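Participant: As a plain string of letters, each chain reads:
Number of protein chains: 2
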Amino acid sequence: MTREECAALDVRDPLARLRASFILPDGVIYLDGNSLGALPRATSTRVREVIEQEWGGGLIRSWNDAHWIEAPRRVGAKIAKLVGALPHEVVCADSTSINLFKVLATALRLQAARPQVSMRERRLILSERSNFPTDLYVAQGLADLLGNRYELKLVDFGAVIGAIDDSVAVVMLTHVNYRSGAKHSVSSVTYRAHQAGALMVWDLAHSTGAVPIDLNDARADFAVGCGYKYLNGGPGAPAFLYVADRHLKAITEEPFAQPLSGWMGHRAPFEFAPGYEPARTIDRFTVGTPSVLALAALECGVDTVLAAGVDALRAKSVQLTELFLRLVDERCTGFELHTITPRDAAYRGSQVCLTHPHAWPVMQALISRGVIGDYRDNGDAPGILRFGFAPLYVRFVDVWDAVELLRETLAGESWRAPEHQERKAVT
Amino acid sequence: MTREECAALDVRDPLARLRASFILPDGVIYLDGNSLGALPRATSTRVREVIEQEWGGGLIRSWNDAHWIEAPRRVGAKIAKLVGALPHEVVCADSTSINLFKVLATALRLQAARPQVSMRERRLILSERSNFPTDLYVAQGLADLLGNRYELKLVDFGAVIGAIDDSVAVVMLTHVNYRSGAKHSVSSVTYRAHQAGALMVWDLAHSTGAVPIDLNDARADFAVGCGYKYLNGGPGAPAFLYVADRHLKAITEEPFAQPLSGWMGHRAPFEFAPGYEPARTIDRFTVGTPSVLALAALECGVDTVLAAGVDALRAKSVQLTELFLRLVDERCTGFELHTITPRDAAYRGSQVCLTHPHAWPVMQALISRGVIGDYRDNGDAPGILRFGFAPLYVRFVDVWDAVELLRETLAGESWRAPEHQERKAVT
Chain S
160 MTREECAALD VRDPLARLRA SFILPDGVIY LDGNSLGALP RATSTRVREV
210 IEQEWGGGLI RSWNDAHWIE APRRVGAKIA KLVGALPHEV VCADSTSINL
260 FKVLATALRL QAARPQVSMR ERRLILSERS NFPTDLYVAQ GLADLLGNRY
310 ELKLVDFGAV IGAIDDSVAV VMLTHVNYRS GAKHSVSSVT YRAHQAGALM
360 VWDLAHSTGA VPIDLNDARA DFAVGCGYKY LNGGPGAPAF LYVADRHLKA
410 ITEEPFAQPL SGWMGHRAPF EFAPGYEPAR TIDRFTVGTP SVLALAALEC
460 GVDTVLAAGV DALRAKSVQL TELFLRLVDE RCTGFELHTI TPRDAAYRGS
510 QVCLTHPHAW PVMQALISRG VIGDYRDNGD APGILRFGFA PLYVRFVDVW
560 DAVELLRETL AGESWRAPEH QERKAVT
Chain D
160 MTREECAALD VRDPLARLRA SFILPDGVIY LDGNSLGALP RATSTRVREV
210 IEQEWGGGLI RSWNDAHWIE APRRVGAKIA KLVGALPHEV VCADSTSINL
260 FKVLATALRL QAARPQVSMR ERRLILSERS NFPTDLYVAQ GLADLLGNRY
310 ELKLVDFGAV IGAIDDSVAV VMLTHVNYRS GAKHSVSSVT YRAHQAGALM
360 VWDLAHSTGA VPIDLNDARA DFAVGCGYKY LNGGPGAPAF LYVADRHLKA
410 ITEEPFAQPL SGWMGHRAPF EFAPGYEPAR TIDRFTVGTP SVLALAALEC
460 GVDTVLAAGV DALRAKSVQL TELFLRLVDE RCTGFELHTI TPRDAAYRGS
510 QVCLTHPHAW PVMQALISRG VIGDYRDNGD APGILRFGFA PLYVRFVDVW
560 DAVELLRETL AGESWRAPEH QERKAVT
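Protein sequence lines correspond, in order, to chains S and D. Using my numbering, read the first sequence as starting at 160 and increasing by one per residue. Using my numbering, read the second sequence as starting at 160 and increasing by one per residue.
In isolation and in its complexed conformation, chain S is listed as follows:
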């Protein structure tokens, strides 16, 4: 494999033209779109329009005239196309963490009201030990609030399916693991959960926009996801959540099935009634007034993904990660790198993770050479060099160049420099 062959892949790439939809800094190979997506070319102009014309010119009238009030559902319906959901099953709101609190609470409530598959009490929220920590923290906080009627049980990635039994109320998993890049099968795990009488909550933060997802086909119950990774919605973009239509129907009579009962979730917020009556729609999963500026930026980002289509993105993502793995194998031997991402593309998302005994300073040195990935702590084991491949704007030559710069970094001594040892607030 040569750099010329990589350049030839770019020439043949049907998504290549979409790179121009982004503004990317010169001299940077950006392999961290799995943490913060790049800036779409349309975003700055659109946000400026929202600020100057809609807010500045329209003022309060823009809630109606510029359709601000519809933005959470409008952007939600667009995201629905990316995750195999119906338009009315998805809404944008709040953060991934808060959305997880909502859907997990609702799932536990629904489960408690169901005729049990067995007589055994379902006390467990089952998750994965290496799940993204906020998911675990949210479940711990909710369990505590509910008087520890529920308990969070954590197992290893590969042990999840085997651990689902009739003591499990809800299985809560992240589709693609943030630390390893390993991918669960949404359909298989959901099937097994349902077989055991459990409900299934998916966190799609590390897959939406890069990996095809069909929530309806899998009969998934609930899901949440993130707007600022592969959806390119900007730093801290609003998150989204999904509730299966059948559950929306099932909870109509329970006013607090979703317990964060804010005014935006009311049946008629502008009646200003003192008693909460939830909307009969996905709106009941919204809470307070959403950030219109942040939603406008998110919509621009989602549009970039819709323009490509998830299947085409996945095809390129697999090619990019295959190429990276192959080039690392070929060109970075003898540097104590160890690949922890599954080598079979069917079992990974759009990122590749390598461990190294000096992962932190190596990543800092690599960033200083213009290849931006990130570092993830790995407990007592060697730290992780994490590389995300956002197929909308990462080129095959970028992969080649990134591996060359990684090789040079590892072969040299620059990562030993003092400035690369110093830890930063955000890793």
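Only true hints are included.
Computed, partial: chain S to chain D, Cβ under 8 Å: (1) Leu304; (2) Leu419; (3) Leu452.
Listed next, with one range per pair, are the computed distances between beta-carbon atoms: (4) S:Arg288 <-> D:Glu280: 38 to 44 Å; (5) S:Glu563 <-> D:Asp224: 23 to 29 Å; (6) D:Val314 <-> S:Glu211: 43 to 49 Å; (7) D:Glu430 <-> S:Pro371: 29 to 35 Å.
None of these hints come from the bench; they were simulated from the model. Predicted model, so just to flag it, every value in this text is computed and none were measured. Each residue gets a CB set at the ideal place from its N, CA and C atoms; glycine is no exception.
Fit chain D to the supplied structure of chain S, relying on the hints for placement.
Facilitator: Just chain D now, with coordinates in the frame of chain S:
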């Protein structure tokens, strides 16, 4: 009182020069800054810089290099100056509704752990029947989640103080009533709550930035507030919350005293540990990743208020509302208007509310003439014409002109036109 005299007041107004810090549309008198603050001149440029330079150019590095990670505390510390709090007692996060859930849950937890003032079980969350509905909804949802150990008791505005007794766990009130403009005394109510052994939660949404508040002086326990009204943070701006330093210290050993336990509230989020250990600071009241764009806009808005100072703003606000009340009395007699806002400035915020039997079409007709206030439903009673006076950008001549246009509207028949009868999604 003549228009010339109003113009003379503007000439002498020490805040007059600050109107130039805002971009206001021509031909509009904006009396709805209590619902959505106007656009500060600095905002568009600053947000553009965040988007193009910090996000587009800096990408993921800006969490450290552009200090994004500090924004919730930095903007919180600025707001602290407006509400009489210490810098480390305030943080920006989420929506007012969600922040209320957090602080109310924490207050109940703290109260349950305290040596009781009497042996009687404290089951009540006491609030006001005409409190902003989302506050009531949030309390109802939390009470339901806690198995109805607590009950929300609602009384009339004037009956609150008398209803505080040793059955009350937490008193939860909005400082300035959204519907009437009536203002509680933060110090008196907090004093009475403490005397009865209750904790005090204030919602400062309708006062922060226009009415002086001294949370520390009043020994207030918890508070929340809104970024998009008098703080001019933009539509759906992030909200803020306040926790008294003594309570931050008291809850250190309880990991889930604040139950929305997301990763941003962790002691060390980037250690990615599977178990939640809260920060020992106000950070534990943050949850997920905040919107950086929305925080940047909020900071510009807060800066406009800091530039004026709350005492100067209050002085002008009192003058503006006095003038409006006086001119309505003088010039709008015989039109079935009824003032429901207290005539004594000490008992009102920065808005004036008038009822009218045809309040909805009258407000629509008035808006079509360029005076933007809003309408609030009032149950079976005549609806409310609501006028907010944001002293940063409302002039004395605006008050004169608004009353004249209100008089013309009421005197004419234009409000009877069919287009003014039609209800909109957002009122």
